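From just these sequences and the hints, can you work out the full model?
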Amino acid sequence: AATKLASAEKLMYFCTDQLGLEQDFEQKQMPDGKLPVDGFLLCVDVSRGMNRNFDEQLKFVSNLYNQLAKTKKPVVVVLTKCDEGVERYIRDAHAFALGKKNLQVVETSARSNVNVELAFGTLVQLVDKSRGKAKIIPYFEALKQQSQQIAAAKDKYEWLVSRIVKSHNEAWPNVCRKMQPAPEYQDYVYLEGTQKARKLFLQHVQRLKQEHVERRRKAYLALLPQALDALVPDLDEIDHLSRAKAEKLLEAKPDFLKWFVVLEETPWDATSHVDSADSERIPFDLLETPAAEQLYEAHLEKLRDERKRAEMRRAFRENLESSPFVTPGKPWEEARSFIMNEDFYLWLEEPVYMDIYGKHQKQLIDRAKEDFQELLLEYSELFYELELDAKPSKEKMGVIQEVLGEEQRFKALQKLQAERDALILKHIHFVYHPTKETCPSCAACVDARVEQLLGSRFVRPAERHHRNPLPDASADRINLVILGKDGLARELANEIRALCTSDDRYVIEGKMYELALRPIEGNVRLPVNAFQTPTFQPHGCLCLYNSKESLSYVVESIEKSRESTVGRRDNHLAQLPLTLILVNKRGDAGGETAQSLIQQGQQIASKLQCVFLDPAAAGIGYGRNINEKQIGQVLKGLLDAKRNLNLVVGSTPGLKEAAAAA
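Residue 1 is where the sequence shown starts when you use UniProt numbering, and the numbers rise one by one after that.
Derived from the structure by calculation, the hints contain no laboratory data.
In this text the structure is predicted, and so the values were computed from the model without any measurement.
Each hint should be verified, as a subset may be incorrect.
[Said to hold, decoys possible] List time: in silico DSS-like cross-link candidates among lysine-lysine, alpha-carbon distance up to 27 Å: (1) Lys396 / Lys485; (2) Lys34 / Lys10; (3) Lys156 / Lys4.
[To be verified] Have a look at the derived ranges for each label pair, beta carbon to beta carbon: (4) Arg177 / Glu237: 45 to 51 Å; (5) Lys629 / Ala310: 49 to 55 Å; (6) Glu349 / Asp275: 44 to 50 Å; (7) Asp343 / Asp366: 39 to 45 Å; (8) Ser242 / Trp159: 22 to 28 Å; (9) Leu241 / Leu377: 45 to 51 Å; (10) Gln575 / Ala516: 18 to 24 Å; (11) Asp234 / Val528: 47 to 53 Å; (12) Leu346 / Ala516: 22 to 28 Å; (13) Gln195 / Leu241: 51 to 57 Å; (14) Glu141 / Val86: 15 to 21 Å; (15) Asp366 / Ser323: 17 to 23 Å; (16) Val431 / Asp366: 19 to 25 Å.
Every residue, glycine too, gets a C-beta built ideally from N, C-alpha and C.
Here it is in structure tokens:
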């Protein structure tokens, strides 16, 4: 309770760390060794102490206060260790202070840094009356404010750390120097200290490292299935091996080091490999992890499933080959119920079976067509009586079908009557024009083989760069729309197919082209009669007519098709090459003559700026369709138009006006 102290040449006390390590701290002596006392902080420990009776302690505090009161110096009672305080002790301490005049009590916790400054500030205010009176805040309210302040400072400090520290290899001394000028760092260190700031930094760095390792792990695990596919793609090689033997097998593979790296130190994520330049290869010890084991088991399961699916595909093909219900041209919908079972659906999707069925159908149809071609050759006498370049009449076709009708090779194409009729027409054309282009054997024709053999061994210099290529899989394609009503389009399509090879290819100027025909005879605004589809982009259109009505149908159909694509970016129909053709004369009660049809056709062709083709003008004779030469000329013109896609086409007059003028 002394108010004057003397302690000459004593060092000032800063903290407990100073004891025994005085040389590491600032050496500051107390002034003159004399210290006047201006006030007292009377500290009362309110925690539960060992072998300590609080009532006895309070008696000692009361006696001490009585001595302090005699000095006439201000006194503040400070309750310490309130973070571990006993409620009764705190209540009794407050009761003691209430019995004294103007004795103020401050609840503190040095560990939590709660109300410590308030205790000194309250005493200073009592010493210096000119200062404003300090507001005393209860411990728990002050603790709440302190916690909020620390939490806010912590959030700002963590934001600062995340902005500055981007790599898990950063060191604390360097980062600390960078952060010292920042207020976020200063505020947090003031509240919580440097050690806690460093602890948060280390947590952030550890989190960055974990994220880096996890990214590496995901990259390795994503690469592992590719490595397994490349090194052990054969199920028989690994199906019955243990994990250890499977790993030995992997190590023995020639390309093992392309995919994996064997580290001297393990596990890989605790070594420098996580930052190694060679970190693209998979650490071999990763295979020991549960995630890698699951991927290995998934690889095995995938190989087993692939084998089972292959077995199902093979069984399905065998089922197709042995089933009497699968005949050439039979749709999948009709055949499905006879050939599918539950096992097939269990392992593969229906589109897979449809694809296999489609390929099998192609083989059946090709085989049936070959057999039918042989049948036609065996019955060659049926075709001897036909006139040159003549199309067989309905009566003659009926006779042919009646003679061949009992043959199984004829019945095999029962569901493909259009193809069967086309083969008959093609055979007739071959009988009267036996060339390598019309030969049913196509590329296997002896003439074509001889030409190929001679061409590969004896090449004339002038022909060295102009030799005609033989048919190949990369032949160009011509998509042709044939427009005409009352069977005109279908009839001409069959005649053109008769001039093609068995795989629908046509020879133009010595080069083979794939020819796709789309005959249209109905309303072109319906999807089934549209000029173009997602799989068919027309390169030209043959417009057929043999009467005023059929000519009007052609004009209206072209107009409707063009109107349907107006404003579209892919408006190809506006520039589609057209050829208007007058075909078979048909009797007309109104006295319609060939000459009037020709004049109307020429007028329409002039308005549409398209080619007009009159078979009679070519010396064919009115009443017959166009011949092979004219078809070749038309297809050549379409091919030239296809090659010149950038050609600017002039505007076309209105179609309705053209039809009305005609």
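Results for each hint:
no. : hint                        : result
1   : Lys396 / Lys485             : 24 Å, holds
2   : Lys34 / Lys10               : 10 Å, holds
3   : Lys156 / Lys4               : 46 Å, violated
4   : Arg177 / Glu237: 45 to 51 Å : 59 Å, violated
5   : Lys629 / Ala310: 49 to 55 Å : 52 Å, holds
6   : Glu349 / Asp275: 44 to 50 Å : 46 Å, holds
7   : Asp343 / Asp366: 39 to 45 Å : 29 Å, violated
8   : Ser242 / Trp159: 22 to 28 Å : 52 Å, violated
9   : Leu241 / Leu377: 45 to 51 Å : 59 Å, violated
10  : Gln575 / Ala516: 18 to 24 Å : 19 Å, holds
11  : Asp234 / Val528: 47 to 53 Å : 49 Å, holds
12  : Leu346 / Ala516: 22 to 28 Å : 38 Å, violated
13  : Gln195 / Leu241: 51 to 57 Å : 54 Å, holds
14  : Glu141 / Val86: 15 to 21 Å  : 19 Å, holds
15  : Asp366 / Ser323: 17 to 23 Å : 18 Å, holds
16  : Val431 / Asp366: 19 to 25 Å : 22 Å, holds
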